[in-house]
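In the order they appear, the protein sequences are chains A and B. Just so you know, the working numbering puts 137 at position 137 of the first sequence, and the rest follows in order with no gaps. The working numbering runs 336 ahead of the 1-based position in the second sequence.
If you are wondering where the hints come from, they were derived from the structure by calculation, not from laboratory data. Check each hint, because a few of them may be wrong.
[As the list claims (entries may be wrong)] Which residues of chain A face chain B? A few of them, derived with a C-beta cut under 8 Å, are:
id	residue
1	Arg55
2	Arg85
3	Leu150
4	Leu171
5	Ile281
A virtual CB, placed ideally from N, CA and C, is assigned to each residue, including glycine.
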Amino acid sequence: MLSFIARRLALLIPTFFGITLLTFALIRLIPGDPVEVMMGERRVDPELHAQAMERLGLNKPLYQQYFDYIGQLASGNLGESLRTRTSVWNEFTTLFPATLELAFGALIFAGTFGLLAGMIAALKRGSLFDHGVMGISLTGYSMPIFWWGLILIMLFSVNLGWTPVSGRLDLLYDVPPVTGFMLIDTLLSEEEGAFLDALRHLILPAIVLGTIPLAVIARMTRSAMLEVLREDYVRTARAKGLSPTRVVVVHALRNALIPVITVFGLQVGTLLAGAVLTETIFAWPGIGKWLIESIGARDYPVVQNGILLVACLVILVNFTVDILYGLINPRIRHQR
Amino acid sequence: MRKTALITALLATGLITASPLASAAGTLVYCSEGSPAGFDPGQYTTGTDFDANSETIFNRLAEFEKGGTKAQPSLATSWDISEDGKTYTFHLREGVKFHTTDYFTPTRDFNADDVVFTFQRMLDKDLPFRKAYPTEFPYFTDMGLDANIAKVEKVDDKTVRFVLNEVDAAFVQNLAMNFAAIHSAEYADTLLKNGKAAEINQKPIGTGPFVFSRYQKDAVIRFKGNPNYWDPDKVKVDNLLFSINTDASVRIQKLKAGECDITLNPRPADLKSLQADSKLNVPTQPGYNLGYIAYNVTRPPFDKLEVRQALDMAINKDAIIDAVYQGAGQKAVNGMPPTQWSYDKGITDAPYDPAKARELLQKAGIKEGTEITLWAMPVQRPYNPNARLMAEMLQNDWSKVGIKARIVSYEWGEYIKRAHNGEHDAMLIGWTGDNGDPDNWLGTLYGCAAVDGNNFSKWCDKEYDDLVVAAKRTTDQAERTAFYEKAQAVLKREVPITPIAHSTVYQPMSKTVQGFQISPFGRNSFIGVGKD
Numbered sequence: 001m002l003s004f005i006a007r008r009l010a011l012l013i014p015t016f017f018g019i020t021l022l023t024f025a026l027i028r029l030i031p032g033d034p035v036e037v038m039m040g041e042r043r044v045d046p047e048l049h050a051q052a053m054e055r056l057g058l059n060k061p062l063y064q065q066y067f068d069y070i071g072q073l074a075s076g077n078l079g080e081s082l083r084t085r086t087s088v089w090n091e092f093t094t095l096f097p098a099t100l101e102l103a104f105g106a107l108i109f110a111g112t113f114g115l116l117a118g119m120i121a122a123l124k125r126g127s128l129f130d131h132g133v134m135g136i137s138l139t140g141y142s143m144p145i146f147w148w149g150l151i152l153i154m155l156f157s158v159n160l161g162w163t164p165v166s167g168r169l170d171l172l173y174d175v176p177p178v179t180g181f182m183l184i185d186t187l188l189s190e191e192e193g194a195f196l197d198a199l200r201h202l203i204l205p206a207i208v209l210g211t212i213p214l215a216v217i218a219r220m221t222r223s224a225m226l227e228v229l230r231e232d233y234v235r236t237a238r239a240k241g242l243s244p245t246r247v248v249v250v251h252a253l254r255n256a257l258i259p260v261i262t263v264f265g266l267q268v269g270t271l272l273a274g275a276v277l278t279e280t281i282f283a284w285p286g287i288g289k290w291l292i293e294s295i296g297a298r299d300y301p302v303v304q305n306g307i308l309l310v311a312c313l314v315i316l317v318n319f320t321v322d323i324l325y326g327l328i329n330p331r332i333r334h335q336r
Numbered sequence: 337m338r339k340t341a342l343i344t345a346l347l348a349t350g351l352i353t354a355s356p357l358a359s360a361a362g363t364l365v366y367c368s369e370g371s372p373a374g375f376d377p378g379q380y381t382t383g384t385d386f387d388a389n390s391e392t393i394f395n396r397l398a399e400f401e402k403g404g405t406k407a408q409p410s411l412a413t414s415w416d417i418s419e420d421g422k423t424y425t426f427h428l429r430e431g432v433k434f435h436t437t438d439y440f441t442p443t444r445d446f447n448a449d450d451v452v453f454t455f456q457r458m459l460d461k462d463l464p465f466r467k468a469y470p471t472e473f474p475y476f477t478d479m480g481l482d483a484n485i486a487k488v489e490k491v492d493d494k495t496v497r498f499v500l501n502e503v504d505a506a507f508v509q510n511l512a513m514n515f516a517a518i519h520s521a522e523y524a525d526t527l528l529k530n531g532k533a534a535e536i537n538q539k540p541i542g543t544g545p546f547v548f549s550r551y552q553k554d555a556v557i558r559f560k561g562n563p564n565y566w567d568p569d570k571v572k573v574d575n576l577l578f579s580i581n582t583d584a585s586v587r588i589q590k591l592k593a594g595e596c597d598i599t600l601n602p603r604p605a606d607l608k609s610l611q612a613d614s615k616l617n618v619p620t621q622p623g624y625n626l627g628y629i630a631y632n633v634t635r636p637p638f639d640k641l642e643v644r645q646a647l648d649m650a651i652n653k654d655a656i657i658d659a660v661y662q663g664a665g666q667k668a669v670n671g672m673p674p675t676q677w678s679y680d681k682g683i684t685d686a687p688y689d690p691a692k693a694r695e696l697l698q699k700a701g702i703k704e705g706t707e708i709t710l711w712a713m714p715v716q717r718p719y720n721p722n723a724r725l726m727a728e729m730l731q732n733d734w735s736k737v738g739i740k741a742r743i744v745s746y747e748w749g750e751y752i753k754r755a756h757n758g759e760h761d762a763m764l765i766g767w768t769g770d771n772g773d774p775d776n777w778l779g780t781l782y783g784c785a786a787v788d789g790n791n792f793s794k795w796c797d798k799e800y801d802d803l804v805v806a807a808k809r810t811t812d813q814a815e816r817t818a819f820y821e822k823a824q825a826v827l828k829r830e831v832p833i834t835p836i837a838h839s840t841v842y843q844p845m846s847k848t849v850q851g852f853q854i855s856p857f858g859r860n861s862f863i864g865v866g867k868d
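Next up, chain B with everything else stripped away, as it sits in the complex:
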């Protein structure tokens, strides 16, 4: 009996103790959405991984400006581009220190060897380190860098030269991406000598604003503020904790209960209660993403321009944005978001006009009741919170002009695989920008080279492709903008896709959090972020 009383008393005292978190300044808690697979950024492709490894522990030669898409100096203080646009010479920052931890103490500062090692590891399958710890670098390959980088060489300790096979106007932007995080060659050597190369993925050493401390799988990642960071004003907290919570509702409850300071991806249904909470801020930004319909132009009836035009103008986009995005979306007109430089504001949508759509279909000889498949992805994506509902609304819109759409869905992996094979008539899909360059939209998604890849319309138009390729081979931004504006007009005229929406990004956080800016790429970066 006495024991029960004791336990009750203990519980009671325990229950009324407030969370100690509330009192801890200098510690920032971020409620993240999942566990990182590892801490070697080059191996991975998802934001969950990059937030936990590249953004915290590492730096890149160039980095995206806070809250923007422009690459600016980081570990490289400047770079020169040769006349032919194929040679990039990077001048490296002096006095940058790699992290000192209980598993590694650096004996020298960051220099050209580290850059050469980082890129050689991704380029050269026979590098001893890569042989000891074999892995692929999917993002590096996906951006075409494995094929385009001919040579990476050390000029002197503070200078590195990249030689390219072809001009790539987005090259520096690509190097600012998370996968291009700079590793310590000295640390890699130590690991290799000790036969522990695999630890590069579990015990990371970088130059970034936060030092890796400990990862308790599926629960918490602990970082310490880097006391030796090369830009000391940017490290404003002593401890940064990632509290891993896969469920979106739970993340919101934790934020409200003061158990975390900042979180991400709230569900549209939670927005009202978040905005009403006096302790919270919910900044918002138009998403750097696009949800769209891809018409497979290799299959009838979508091989006919009139059919694509008709179905495009039969869609009630406003209704979709209200129902699917619950207001947290912005109507899309072009093949890329309006925040992307070179976006052509002069282009407009064809007006919603079911009657005219019907006429166009008749003109094209399409019979009433013609059946097509409309694919809807089975998962929620940043650019489309509810593909099933969107597909049902499209089905309804198109039935009004005499097209019967059958909604098809597969498991996500299978969906993409079959779509790459071109088994669909029309499909819902989308994209979130990678590197802030227009080519990452207009080339990657609609270019001829992508017909077997991300070009789900399988659309290859010579006029369009020439413009996009020319733009990529030019380094002058004004010239590139002119090419891209023309390309956007062709894209609008030929209707291989119907852009639907850019989803709005919300980032709920406590009012005590200072200096956080929403990243267009969806990254969660805590450099320069502090707490009152």
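Only chain A is shown next, with the shape it has when bound in the complex:
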């Protein structure tokens, strides 16, 4: 097991350098520098431009900028946003809890309903329910997030007035940020009704972000379940006279979950990518929106380090899933 972990860890080093090089290069491939973008159609005074580029360290040759960047990373410094001039790490830690809260909400929604729907569809294979679930999940998978979000807002927020249109909390609640997780902060605060309000704000974005993972999980659970249900040991369990519930929950579901766990892990990437759009629609102050705006403003340090942090997170989750998978399935662990 240890050598398995060591092998996986060793793979992380080139991945890490790959990401730094890629983000460094890609953001610089987009034309225009931060000073020009800020000026828009206005005149860019050459002297002012030179002065700003020097202050930002962008007048050095590219390789020098890259080495400076790596040196800075090595000393644990993620730099400062060019636009807001606050530290990238501070901005990330302020905004990340919002994304995490949204992703958790989406994952809980997708997991609960995805597992349930997939399981029932598998058990009632070929039924109307099965076709219905598979049809809906295909639709869910193909739905553009932007459109889906606006449709839900129009229906539930504007027409029915059940949920708020956007944001994390009604502005009249002045809840000081403690953990950054609104559900926790509202519980800690004295403001009456704030927690429920935060929950109401989370519902629609979580549904929108969770729709694609829901579809994936439902389909995956169904096919894994179908496969397991055909296995000899399930037949044996049935032949032993076990109750159908026990056969499904204890024997079939546990084994069917192995591939589903991998899918859960893979969904973290999907969730973080989807968060970019979901956060924009619902004015959800998380890292997705932050990165999009920083790309627009050519805020190099934010884009480089923001993506690096997100990538590290995805790597970490996949790494954990790998290890978990190895724990569940000895065949993986012993592969050479």
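Given chain A, work out where chain B should sit, using these hints.
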């Protein structure tokens, strides 16, 4: 099971609770379009920043009248201009207090030191504060103030003198612009002593109608009404909240759902449903902007006047205003909007006449099928909601007279950079006025000094330029108007540009909002704005 039931019950009660916002008078919620980069106005150039910092927290020596373009007294109660027009003496308002917050308590009232510090910081790279917190002041530089202000000095506590290198008729107008917000020298000293100069950008102290309370990045900015404001009648709400929503459709939905009181920049497609809503007002105003085509006169075939005239008269402007602006635009004739003083109403467009255009092209020796590039910007701008569509319509109009336009587009930053280099034949571009002065249009956009800058036609005409320069060096408005009217005639005759439209500004708001006026500069200012 019991748990599920509990959650469902909680949700149900939560779901039917109305937004508490509806019941809060004294709190005004503005759904803004983006996050400010910071709260130190001098560093920034965009309206999003200025709405959040300069308009709320700060004052300027002079300020634009509400809903207008004329500069009027603010922190300065009056000013004298010397005979030669190069020395301005400002008399400062008495009894103006800087904000008291949990991070700063002022010990003295606003005085000349604050004005001197504010401008010295922008002028002097060696000022200790600027060394501790280095930054550029792009707008100040862009308006040419760094080069033109020779000296700023304190005469006494309540008097400040500016000495200029050259006469600048728009000087007071320039000082009324958002970047010239007056900082507290005392606060700056405190920050500098504590080694926290950078906090001037995160924890602002000003004299303005609203006091900064808290900014939750990308979500909300909280301000409190300033209880000690020098013009107390102008502060009509206790709390002002900026709710940040980048998506235009979402802003509209929030307004309709009562989650905000006022918002900005609706999409043309949303206008009908907004106007039909009985709870909303949608005031409108002709935009103080101009969308136009710049012909690069340094490149053939646009070096020939006949070609520019021909393409100008081959454009069906009415069709463009219908399709691109969806009716929310006004046909443009001159190089500046009709709301600008000195605008010459006597000037008219050449009539739409493809047949005559064809003749002119033939006369100029332009062959049928001559290819040109037509640049279309990749982004929506206040003066042009859909440049791509506009370019396609122009392509179609020009093909009818035998000119083949190839539409070119680059990413926005690159677009501007290449245009500054003059790589285009014809391009779509535009402008929103900065300071309410005609020079900000006729000099900034078409003058010889701007050939390497905003003069995207690269057009330098001596007759025109002499008129514009003379107007800028005169302080008498009637005299200036005469110069500008002549200049507009030359501009129309030489066709370095084809003005297309001024886009109409709509500002949707709840009917409970009182006293809001659309600013020609596109600013969203809540001074004097209250709620029923």
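Next on the checklist: Checking each numbered hint in turn, tell me which of them this model violates, lowest number first.
Outcome noted: Result: no hint breaks.
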